[in-house]
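In order, the protein sequences belong to chains A and B.
Going by the numbering used here, the first sequence wraps up at 457, each residue one higher than the last.
Going by the numbering used here, the second sequence wraps up at 457, each residue one higher than the last.
Honestly, the hints are just simulated from the structure, not real lab data.
Incorrect hints may appear among the rest.
Which residues of chain B face chain A? A few of them, derived with a C-beta cut under 8 angstroms, are [unchecked claim]: (1) G76; (2) A77; (3) P93; (4) M227; (5) A231; (6) A240; (7) A316; (8) P321; (9) K327.
Every value quoted in this text rests on a predicted model; they were computed, and no experiment measured them.
Heads up, the beta-carbon is just placed ideally off N, CA and C, and yes, glycines get one too.
Number of protein chains: 2
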Amino acid sequence: MGTAFEYYHTNQGVFLEGLKDLLRIPSISTLPEHRKDIRRAADFLASELTGMGMQQVQLIEGKEGQNPLVYAEWMGAPGKPTVLLYGHYDVQPPDPLDEWKSPPFEPDVRSENIYARGAVDDKGQVYLLVKAVEGFLKGYGKLPINIKFLVEGEEEVGGEHIEAYVKGRPALIKCDAAVICDTEMFAPELPTITTGLRGLVYTELEARGAEHDLHSGMYGGAAPNPMHALAQIIMGLKGADQKIRIPGFYKRVTKPSKAELAAWKRLPFNEKKFMKGEMGATALVGEKGPTVLERLWSRPTLEVHGIRGGFTGEGAKTVIPAAATAKISMRLVPEMEPKEVIKQYTSYVKKLTPKGIATKVRVISSAPASVVSTENRFIEAAAEAMQQVFKKKTVFMRSGGSIPIAGLLHDELGVPVVMMGFGLPDDNLHAPNEKFHLPNFYRGIEAMGRYFELLGQ
Amino acid sequence: MGTAFEYYHTNQGVFLEGLKDLLRIPSISTLPEHRKDIRRAADFLASELTGMGMQQVQLIEGKEGQNPLVYAEWMGAPGKPTVLLYGHYDVQPPDPLDEWKSPPFEPDVRSENIYARGAVDDKGQVYLLVKAVEGFLKGYGKLPINIKFLVEGEEEVGGEHIEAYVKGRPALIKCDAAVICDTEMFAPELPTITTGLRGLVYTELEARGAEHDLHSGMYGGAAPNPMHALAQIIMGLKGADQKIRIPGFYKRVTKPSKAELAAWKRLPFNEKKFMKGEMGATALVGEKGPTVLERLWSRPTLEVHGIRGGFTGEGAKTVIPAAATAKISMRLVPEMEPKEVIKQYTSYVKKLTPKGIATKVRVISSAPASVVSTENRFIEAAAEAMQQVFKKKTVFMRSGGSIPIAGLLHDELGVPVVMMGFGLPDDNLHAPNEKFHLPNFYRGIEAMGRYFELLGQ
Chain A
1 MGTAFEYYHT
11 NQGVFLEGLK
21 DLLRIPSIST
31 LPEHRKDIRR
41 AADFLASELT
51 GMGMQQVQLI
61 EGKEGQNPLV
71 YAEWMGAPGK
81 PTVLLYGHYD
91 VQPPDPLDEW
101 KSPPFEPDVR
111 SENIYARGAV
121 DDKGQVYLLV
131 KAVEGFLKGY
141 GKLPINIKFL
151 VEGEEEVGGE
161 HIEAYVKGRP
171 ALIKCDAAVI
181 CDTEMFAPEL
191 PTITTGLRGL
201 VYTELEARGA
211 EHDLHSGMYG
221 GAAPNPMHAL
231 AQIIMGLKGA
241 DQKIRIPGFY
251 KRVTKPSKAE
261 LAAWKRLPFN
271 EKKFMKGEMG
281 ATALVGEKGP
291 TVLERLWSRP
301 TLEVHGIRGG
311 FTGEGAKTVI
321 PAAATAKISM
331 RLVPEMEPKE
341 VIKQYTSYVK
351 KLTPKGIATK
361 VRVISSAPAS
371 VVSTENRFIE
381 AAAEAMQQVF
391 KKKTVFMRSG
401 GSIPIAGLLH
411 DELGVPVVMM
421 GFGLPDDNLH
431 APNEKFHLPN
441 FYRGIEAMGR
451 YFELLGQ
Chain B
1 MGTAFEYYHT
11 NQGVFLEGLK
21 DLLRIPSIST
31 LPEHRKDIRR
41 AADFLASELT
51 GMGMQQVQLI
61 EGKEGQNPLV
71 YAEWMGAPGK
81 PTVLLYGHYD
91 VQPPDPLDEW
101 KSPPFEPDVR
111 SENIYARGAV
121 DDKGQVYLLV
131 KAVEGFLKGY
141 GKLPINIKFL
151 VEGEEEVGGE
161 HIEAYVKGRP
171 ALIKCDAAVI
181 CDTEMFAPEL
191 PTITTGLRGL
201 VYTELEARGA
211 EHDLHSGMYG
221 GAAPNPMHAL
231 AQIIMGLKGA
241 DQKIRIPGFY
251 KRVTKPSKAE
261 LAAWKRLPFN
271 EKKFMKGEMG
281 ATALVGEKGP
291 TVLERLWSRP
301 TLEVHGIRGG
311 FTGEGAKTVI
321 PAAATAKISM
331 RLVPEMEPKE
341 VIKQYTSYVK
351 KLTPKGIATK
361 VRVISSAPAS
371 VVSTENRFIE
381 AAAEAMQQVF
391 KKKTVFMRSG
401 GSIPIAGLLH
411 DELGVPVVMM
421 GFGLPDDNLH
431 APNEKFHLPN
441 FYRGIEAMGR
451 YFELLGQ
């Protein structure tokens, strides 16, 4: 027996091969045809956890059609804190497929990065949690603290199962703190803890005109066109000035504290690099007034993700479609209430709906924003552990994304939630050519290991 | 030997089986994967034309990748007029497939109608031309006039091949008049000749934002979203009041003559029946001022047919797409010049394009509107022939659709163009459950036969 860190260093190649195996499983939770792959990914993790000596390893089943939670624990450190480690094994769909340089489910290592759907979001980060624990169990024989794993398979589809499960407050997941490993660092080499997330309301807005598709020659000039109705509603929801026009939408939005704003100003943020290097865009848009980071972290947004309906194939089809559906989501900031936003949105859509068109709103998922406190030993130890591994002072940031489980674990279990993440801003989350920077995979393992040690002292 | 009309009456069942065979061929010209079916449809017609005794039967090939024209002639009536019969054997794509009550390429007869893609547009009408001629050749031994067939396979994709061919003014298609059988009757039982068609400019408008898809959490609030840009441009092109905002767009639009407007007012048009019965809509939209028929026949329009890009699958994907493409077409009325309209449209799209977005317009097809004269023996005989068969006075109408070949044959061959058509307003042209009313198939054959006789007297 040596130390966990010796184990980490001698097993880097093995860890990489294991990660590749996990990434090869197309566990896409938004597509029902991948239900078997979802289970394969859960089984893969359960089998690794069992193999390294975790106990109570089990798949926690939900309702019919829900994806299992993977649970495991090691409780051999009485008197020491118990930390719940969270991640998710499901991934986003890979489309548009033709923009991938290597196939999304055939992991490919190119210049220190591993490319695959789920590389950073979140399989790479789940797997670093697993390996960090394995280092102690297999390299040293025991852990300095008690550990519980709770890994879900529905993060990309709203996480209904874990929400219901956590709300039941089962004894199995009792803990002193929860660690979420599903976020990113503010910049390469800059250890980062995320302290706030935006919420999300994701909807489908269907517009129906005539009963059936109509010929645009025969009926154009008299027929209501759902595509135009959607354009009109979308422009009514968010103007060209990027202001959201839904009455009451901004009423609960508060400004971050002066201290937080000052800390954000100190972050090494280069607007031009963000725009050109990271996004490949020619301009940044958004509300007038707030800075870019304020817009991303502390202002709500509304975005259209796609419109289904009509003719989109090669060539020309002169159809006025009977119906069209837009995917529209809103990001929420702290204090905004999803239920209230849904009501405001739905009733304003109704008001914006033009003559001859019937609209219907379907809410696919919703979660409030969350802000976590930075003043407790679990966050302090996390900042210290990351600082020791990365050799730089850990910064605190918010994120524009949404991790509903953060608020849920905090509210239901009443414990501090620590968001340590090792993704990079250019990791192409949810986009083609998603990647994970391999040095961060290995440093993530070490930082987690160091974190367990600090908490065990 | 008897008469053509005896032949028509005794062969109704055979004609129906032949029509079904033609309808079974999925000759969709907009989809490259159906290239073989295109050729099968052309071969099918050539083989029928040969079998009934037409001469010079041939497939006229165009450039690489273009669909053949089917040509045939019977010139055994010296001193009598020569009439060129036009139709098309290609069809629109059948999507959305799930709205068909019977599969689009398995013709199904239900209560006097035959349902299939292409039933009325235009295979049923091409086939009635073929059978009208066959009646004379096989039932009577000869035709009362000279006949030429010119049937194309690219009507639904812009008709490049026939355009180039006709512009070459080959001796083969010299004639005294052209008959187009690809239009509809104003109402059931009401014999109709179409005297005007709208033109068409069909475009693809691509909007590009960032270089790659972006996560709407991480970038929402700063990233340009091509879906919103398209909504903004679409609303800029045509306002909620249905007025097209492109500068100069209406400048050449003229009002129909007082006589024409008066004739339209006399047509048996029921706005409520048109809206509810035919379209299944709850309101008619369009410019304030002109009547519905005026809007459909004598006013230009702009319609969006579909938007490609982003995420449109099941569930939720929080993507800000890098690019999105809208299919947008404009219907033109007489005097409007497609080239000028394309220029106006393209430069206005550029002006409407918001910051951070690059747009590109691709013109897929364009054709001017056309109005034909009603004062010549070929139209007069057509009106008389239809009146004799349908036992009602033939009416003259315009159509909101576009048949570019009408203007082309008129301008290049310098002959009258006669648009006799037998479709019905509820035939679901370009839509699911396209049909052809079988009594009109049979009456169409007889009306054509009677037309040939009248011209031969």
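Tested hints:
1. G76: This hint is violated: G76/B lies away from chain A, its Cβ roughly 38 angstroms from the closest one there, beyond 8 angstroms.
2. A77: Constraint on A77/B not satisfied, violated at 36 angstroms.
3. P93: Holds. Min distance 6 angstroms.
4. M227: holds, 4 angstroms
5. A231: Holds. Min distance 4 angstroms.
6. A240: Holds - the Cβ of A240/B comes within 8 angstroms of chain A, reaching about 6 angstroms at its closest.
7. A316: holds, 4 angstroms
8. P321: holds, 7 angstroms
9. K327: holds, 6 angstroms
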